[in-house]
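Enquirer: Chain residues, written in single-letter form:
Number of protein chains: 4
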Amino acid sequence: MLVVMQAHATEEQIRSVCERIESLGLKAHPIPGSLRTAIGITGNRGAVDLGVLESMVGVAECIPVSKPYKLVSREVKEEDTVVRVPTPSGEVSIGGEAIAMIAGPCAVESREQAFAIAERVKRAGARLFRGGAYKPRTSPYSFQGLGEPGLQILAEVRERFGLGIVTEAMDNESLDLVEKYADVIQIGARNMQNFSLLKRVGHCRKPVLLKRGMSATLDEFLMAAEYIMAEGNYNVILCERGVRTFSDFTRNTLDIAIIPAVKRRSHLPILVDPSHGTGRRHKVLPLSRAAVAAGADGLIVEVHHEPDRALSDGMQSIIPDELEQLMKEVRAIAAVLQRSLN
Amino acid sequence: MLVVMQAHATEEQIRSVCERIESLGLKAHPIPGSLRTAIGITGNRGAVDLGVLESMVGVAECIPVSKPYKLVSREVKEEDTVVRVPTPSGEVSIGGEAIAMIAGPCAVESREQAFAIAERVKRAGARLFRGGAYKPRTSPYSFQGLGEPGLQILAEVRERFGLGIVTEAMDNESLDLVEKYADVIQIGARNMQNFSLLKRVGHCRKPVLLKRGMSATLDEFLMAAEYIMAEGNYNVILCERGVRTFSDFTRNTLDIAIIPAVKRRSHLPILVDPSHGTGRRHKVLPLSRAAVAAGADGLIVEVHHEPDRALSDGMQSIIPDELEQLMKEVRAIAAVLQRSLN
Amino acid sequence: MLVVMQAHATEEQIRSVCERIESLGLKAHPIPGSLRTAIGITGNRGAVDLGVLESMVGVAECIPVSKPYKLVSREVKEEDTVVRVPTPSGEVSIGGEAIAMIAGPCAVESREQAFAIAERVKRAGARLFRGGAYKPRTSPYSFQGLGEPGLQILAEVRERFGLGIVTEAMDNESLDLVEKYADVIQIGARNMQNFSLLKRVGHCRKPVLLKRGMSATLDEFLMAAEYIMAEGNYNVILCERGVRTFSDFTRNTLDIAIIPAVKRRSHLPILVDPSHGTGRRHKVLPLSRAAVAAGADGLIVEVHHEPDRALSDGMQSIIPDELEQLMKEVRAIAAVLQRSLN
Amino acid sequence: MLVVMQAHATEEQIRSVCERIESLGLKAHPIPGSLRTAIGITGNRGAVDLGVLESMVGVAECIPVSKPYKLVSREVKEEDTVVRVPTPSGEVSIGGEAIAMIAGPCAVESREQAFAIAERVKRAGARLFRGGAYKPRTSPYSFQGLGEPGLQILAEVRERFGLGIVTEAMDNESLDLVEKYADVIQIGARNMQNFSLLKRVGHCRKPVLLKRGMSATLDEFLMAAEYIMAEGNYNVILCERGVRTFSDFTRNTLDIAIIPAVKRRSHLPILVDPSHGTGRRHKVLPLSRAAVAAGADGLIVEVHHEPDRALSDGMQSIIPDELEQLMKEVRAIAAVLQRSLN
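Residue numbers (my numbering), protein chains in the order written: chain A, 1 to 342; chain B, 1 to 342; chain C, 1 to 342; chain D, 1 to 342.
In short, the hints are calculated from the structure, not lab data. Wrong hints could be hidden among the right ones.
Because identical chains share one entry, a pair is satisfied inside a single copy or across any pair of copies.
Under the rule of at most 30 Å between Cα atoms (straight-line distance), these lysine-lysine pairs were calculated in the DSS-like manner [claimed, not checked]:
#	residue 1	residue 2
1	K67	K27
2	K206	K67
3	K180	K199
4	K77	K67
5	K328	K199
6	K263	K328
7	K180	K206
8	K67	K199
9	K206	K70
10	K328	K122
11	K27	K180
Using the sequences and the hints, build the whole thing.
Expert: If you want it as structure tokens, here you go:
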């Protein structure tokens, strides 16, 4: 924390701020400038909320300095984390050299639908299957997912096609079931700061795919991962899925620059969801290529064999032929970066 | 829903879109314009997701028309909802003519702290006391609230000072306890789209204070209220607490214009939280006056007798003397609008 | 500027950053913390761009500290600036105790229209008349204003009704004419960072009403005023008119909190434009009351006697009867703050 | 335009809205739905501002339908526009199959600096050189560019290295000079809605590089291009350079999804500026790759041989070695898309 004093702050005001800092068990470092004095503070390990100094007489501003996260930080662990997902057809790595493809429908609608799509997902070469059994929907009157029967269908997909399963837990109740059936537990954007759910999933033994909240800053995103890791689950996969801005031609604005930003600060892998990130089918391929080109560790994409009959998100789902095209293009771009699809 | 065709769309493409609409059990109304044709759709009661039409050949755009909410809508219930909160010192109305004041600390820290503040809150004339026992914090290492002992302190405040209690439930577990102790159950901004919690609180018999999410549109905000009402709890109080924008001199941007916007579309009362809405003590009074002047049905304000020793949010808490000043000013502005503080 | 070193930065890296700072003629103040070292910099008067230090090995982040503005700053001039606008019916003050009302149509359309509205504006008690002769329009095919004939109509309004004239200059060419006819020169939101226009208007002898850009931060807004003042024109009136956010139920999000924020940092007066700030007629009155309640020094409001025939912005123009209601309400709220309408 | 009536609107109110529409010379098409009636409007060619219907009794909302742009629209011209820039070493195409590289310093600082960088830009294989002689700066106290002497240095770079010159005009005065020296005239983000400058550049005979404004919607961006084309200059090159959002780890949020969105609606080429788009050197390469992967027609990149001595934007300038790396990577990604660097 740095306290910037007003230009006209008196010696006494400066001293008084320093004394308050010292009284909190911290160390104050006044830096007299030509225009004004700033006071650096050291010794704070996060326990003291220093914002209040801003209300003291003569103080112009308080500027936070230290980043609050620890376990997610590259300063604590320099090498990239590689999350290993066991599937019936062998381990799939997320992070590191390989690029992971997760594909499947927004929601599991029926065994027929799930199998039809899984068959095409497998044929396209992806090894992880996504599909929601519990769907957070803006309206209480929209399709809310099949619940546990949906999870059972996913278990059949797993067995039949050898695909690893990625599916969302919406609350503590669904988490218990999801943990039983899934290979990767997804926490959705709307739950990124559902701290009880984060703590609970921190006790799970399975990897967690954590989506960025709609208006989460990078620090908030990393702090949400910190919540999970602080409980002991270190297998966290971050996922950018677009943020909310004034821009109105896409459902969300995909923030591609977060990829190098995460890589600089954290050792965790980061995926991109170009389906929610754009909300429009014809933008999924270009943005998938862009994400991999920028250094993403993989993609999670919505695919539907009959998107105009989908019960949710049909507008942003690609068809299986497009998935094959996508895989081909992404593979070629991965090669440019000396990476490969796994 | 309105489907706008491209300028060059052929007759056949238009016919094909109409047929698809009719095949979904809806009615298509083509409107041939000078440049292009638009197709109105009627008969949709929310069950059909029409976005997929956007992918059909010849379609330029799909524009949603009907608002998806029902129970929250003023079209369904024209007169203002007045939520009645029973307190030891009589009923407090939220909505209608009176303006409600809710004041208290961000978090309950100890009996001494809660009592010291409650005494001043009561003296200032407010009849509802706020204070968190469960605190959603960005960092897992920050103070997370006292839990049930905090609720017990609130119960004592209730009894001793005759104040009604407003406190937050963070998850299903805390909800059970909060429901037991609180007069109004608060759902925080980060949980505005925690749909399981919304459904659960929809079964409670106590009024719910629902805070707007950090980047929630008006429709999403009203739909979150719809979730609660759809389960049978009609006593919902909305609360604007600032949204996330590029603007960096406040913690959030308080969206005062949502007050008349809500009034136009919904019968539910709406409060404003100027403390989170600005994040700075010296902005709380001006924005409190502004909120009431714009037609808010009340305020929820953070007060602390020793803000620079607060365990959370000290920077945005006003001191008891400021609360008295605030009450005085707000009372005078309420009078201009022929309203009074209750 | 504060340079924050990485946790693992070596002594040599720290020394090397300090040397670079000193080589630029500045002073480095290393502050060794428990986790990492920060380096304060003093002696920089804005000439040196220090962002480049961020690329040095071992540096985690550079944090700007000093505010870059001078003449607009309250640190340089403590008392409020009062801008005096001479009108045929005597001086009107903007800033200080009185609250200024500027009202009139979006665009001057004809002598009849201007006179009809001016008559009602005067009767309502406002002393300044707004009306555009040059209109910045998103589309090249929209009505662009009458140009100089519009200014001549404004001159007639001035003479006939004794109202001071506020009108916009869009470029250097129109500025020469506007300066001749107007009492206050308006610089629109889209031109807030048209630096040549700002410099040019800095040489004018008439007061300038500077509107905040659609996505301008507070610092950028104040720096735009600094451009004008740096050229010698100290009579700058700031104006909040809504910013662009994700929020979609208003045309812009009116950022009421900027009023106390400006008051804290600058001595310049600040008005609010609730017409552009909301884009909807029925929100103009509530937001006008809110602005004055929050401490605004006045309002600039669009009024039209036949808004549904207006050539521009009819949707956000109030009718003369609403203006009278607005004046009445605003006067009552001003009284609560010990202020009066002038 | 579509007018949506309230659920309770009476037959008479609906008739009254239809009559008003017809009185404006347009045609009304009422569509009675199960819940409410909507009224389609045809025959409007942009001259009538229909927003005012929203204030009529019984009206719930007005929804704009037609896109307002014409000349920029792909509906008017289906094939891609290819802008041909003549340089001393032959024509460079922007748009179409080839990908264009524009590189150079933020500002021309001296002949030595410009030559040193141009030498490396040429060696890296780029054929267009960027460099500002007029710099729009947030602060009046920052370096504002060399002016005409800077243009003369650019002319020497042109002659000596055979590179085409891209440089910014800030106002009508500088435009006259820039037009004389430049091969492509740049209009900066802050001037995207400086409509007089757009009209003026519409009369120039040289291609225009139009940067997206900091908070411009896609429609506003295309309308700004429409302003230029409406005056007769059809050689417009669009350029995404990041938009302003809440996201704080980059200077701007690069909106990569605008590339396919522009391609769908317009025939104009679109470049990306990853330097301003991110504001950080280490993000320039990843985002350059992403832009080309998403289908951008080229890049405009800031390069400096001594970025830590740059007079502006040093923090986001890459060094010449990084430019070579960038060219190599971009070339490989272009090949994946069957494109090549020109």
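Enquirer: Just pull the numbers of the violated hints for me, sorted ascending.
Expert: Checked against the structure, the hints that fail are numbers 5, 11, while the rest are satisfied.
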